[in-house]
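*Asks:* Read off the chains here:
2 protein chains.
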Amino acid sequence: MPFRMTEMVGCEFPLFAFSHCRDVVAAASRAGGFGVLGAVSYTPEQLEHELAWIDDNVDGKPYGIDVLIPETQAVGRTVSGDEIIAQIPPQYRDFTRAILRDAGIGADEGAPHGGSQAPNTSLGQELLEVSFNHPVRLIANALGTAPPEMIAAGKKHGIPVAALVGAREHALKQVAAGVDIIVAQGSEGGGHCGEVATVVLVPEVIAAIEQAGADIPVLAAGGIMTGRQMAGMMAMGAAGAWCGSVWLASPEAETSEVFRQKMVEAGSRDTIRSKHRTGKYSRQLRTSWHDRWEKAGLAALPMPLMSLLVEPVLRTIDQAAVGGNAAAQDLATYWVGQGLGLVNDQRGTATIVQDFKQDFVAAFENLAANLD
Amino acid sequence: MPFRMTEMVGCEFPLFAFSHCRDVVAAASRAGGFGVLGAVSYTPEQLEHELAWIDDNVDGKPYGIDVLIPETQAVGRTVSGDEIIAQIPPQYRDFTRAILRDAGIGADEGAPHGGSQAPNTSLGQELLEVSFNHPVRLIANALGTAPPEMIAAGKKHGIPVAALVGAREHALKQVAAGVDIIVAQGSEGGGHCGEVATVVLVPEVIAAIEQAGADIPVLAAGGIMTGRQMAGMMAMGAAGAWCGSVWLASPEAETSEVFRQKMVEAGSRDTIRSKHRTGKYSRQLRTSWHDRWEKAGLAALPMPLMSLLVEPVLRTIDQAAVGGNAAAQDLATYWVGQGLGLVNDQRGTATIVQDFKQDFVAAFENLAANLD
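Chains as they are written, first to last, in full-length UniProt numbering: chain A, 1 to 372; chain B, 1 to 372.
Just so you know, nobody snuck in bad clues.
Each pair may be met inside one copy or between any two copies, as identical chains are not told apart.
Lysine to any residue pairs mimicking SDA-like chemistry, simulated, CA-CA at most 25 Å apart:
| # | residue 1 | residue 2 |
| --- | --- | --- |
| 1 | K173 | T145 |
| 2 | K357 | Q211 |
| 3 | K173 | V264 |
| 4 | K173 | D270 |
| 5 | K173 | N344 |
| 6 | K173 | R269 |
| 7 | K173 | A266 |
| 8 | K275 | R286 |
| 9 | K357 | E210 |
| 10 | K295 | A327 |
| 11 | K173 | E265 |
| 12 | K295 | Q91 |
| 13 | K173 | M263 |
| 14 | K280 | G267 |
| 15 | K156 | M8 |
| 16 | K173 | G267 |
| 17 | K275 | D291 |
| 18 | K280 | M306 |
| 19 | K295 | D330 |
| 20 | K280 | W335 |
Hints listed in this document are in silico derivations from the structure and should not be mistaken for laboratory results.
Pulled out of the complex, with its shape left as it was, chain A reads as follows (with noise of 0.2 Å):
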């Protein structure tokens, strides 16, 4: 048997490389991984231009994009960004004016501003709109239940739908609603994360598909690192590796400097699982940033308004790291799994993917070895 992605999305190796770098996504596609690009944050105008880099740099090699549609906003009425901004309460703009002022960065920077910022369907499906002007292989929905819109879109231009869960309820709900992939993160991955381990979740979501009589694949996320993690999610039954965090050491990353050093001198007990950064549990490295909430004792707001309010303090932050501001790269954070005990150095995308690969097959070796 052939790799079953190979036949659903045309990779060599069923390696999903989540970034929200186009660099990282071509550079992985390239090597014979997938990549796949996260679109969330972007307008159709600028999509688009990332999509055409992208085909110019791919070598003709299949890719994907991740959107977020919220299904509960299937048709919702646009809201402005400014509208949404004045639900943030005073003392929670006060108290990032307060981060920024004691790291001796002006208190005015980073003050939140609308644009794309606000997840509404409309602009989901403007950005999907856009993707199929391009050769996009898979379209995945980073939140909640794929919305009927999504499905139908998908099967019209025959790409396959894919869509995140942390949980087994969730991937029953994504089977119902139609998707073709699920991508079963465990709570120990970055970025949005449930509490189950990966260890667990993958095998759970196989199992409760099987006896949903559906038969749909899974891929498996959360940690995952190296080739032999892979080989070990695929003996587990997973039909490929889902990864996001092991990118972001890698130079072409949108990540900085700084915060590559962060990672590879990180252990895997750096990390928080907060709702201070979007108003859903997500996973992060953890720095003094996480401290200073965790005293100021203020509740995380809802989505979107987490984001909206701390996504410009955040960028301030990181520029000023960058300038040498000692107390800003103190503070800057990203989103990050535990797998970060596991990267020793930064590597570019295309060796990760060329290690994963021997790593898969060292891996499968081992396992061989006790067999025979």
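Based on these hints, arrange chain B on the given structure of chain A.
*Replies:* Here is chain B on its own, set in the frame of chain A:
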């Protein structure tokens, strides 16, 4: 290469069955696995009795014991149980009385008592001495770094010493202390656990040991309930699997029928990692017992006070639950990992071992099919 564990401890298949119940230990070893008796709560006389029973029932197959020898009390004065119990603040005992009363159980039940509950080194050493009169093939230390006395005793008797760890740093300390086998238990496991998930912890510990220039095998623990997961972890480099929770749904186990049924019905999100059972973080089935503690807002007591307070109460609740008390059935809890989401029925210990073997081979064949 045969299984490395076969050479080290004589088992046919490197599936370690940790249990407080001699029936599980003997049955797992007879079936080709390796039973490990959790001996922490026994007196030396009780342990002698249990091991004699195992010898009579294990058909000459190898087995081991697990003790708890605190390194910090390497030569501690003997503290009486009553002296320790006197340190439990009165409002804590009032609170557990209220839980029992609300469940219609006499509030005088479940009073703390001394006995063997307070671990100390001399007791641990006595337990070890008892075990050396039996053909044990492994001694494991459940918590903290194995003390020099234990390492020395293992060497003297030619018995490998294993130690459980939940973090890379702890593994390195254990290796430096001279242990022969590391059990790396992820955060999803039942009982005492750290923060790092199995899929990250196991490769991280293996890499750290390798980097330290040592050649110490690592058993994977935490969330493993099937032979496919076991094969997966061995593909990642583990020398075998160490399982505790999977045996709890076996009719041979020390668990009540009430708990076993709760375990079959529960999903992977029904556990809690809490300090409110032993004083250190341990993972348990989440029930109304935990809701009560959360509502009460009482901080966890340090070891061993927390156990001295709650163990008699929980045993009383278990008895009432088995007797048909609905409130007690609701409260009843026990240590168990997230893997309980993979348990769908009560199977005998021998059947579980047999299922592991079959799934192990199936997992390997699955992976092999991808590489043809």
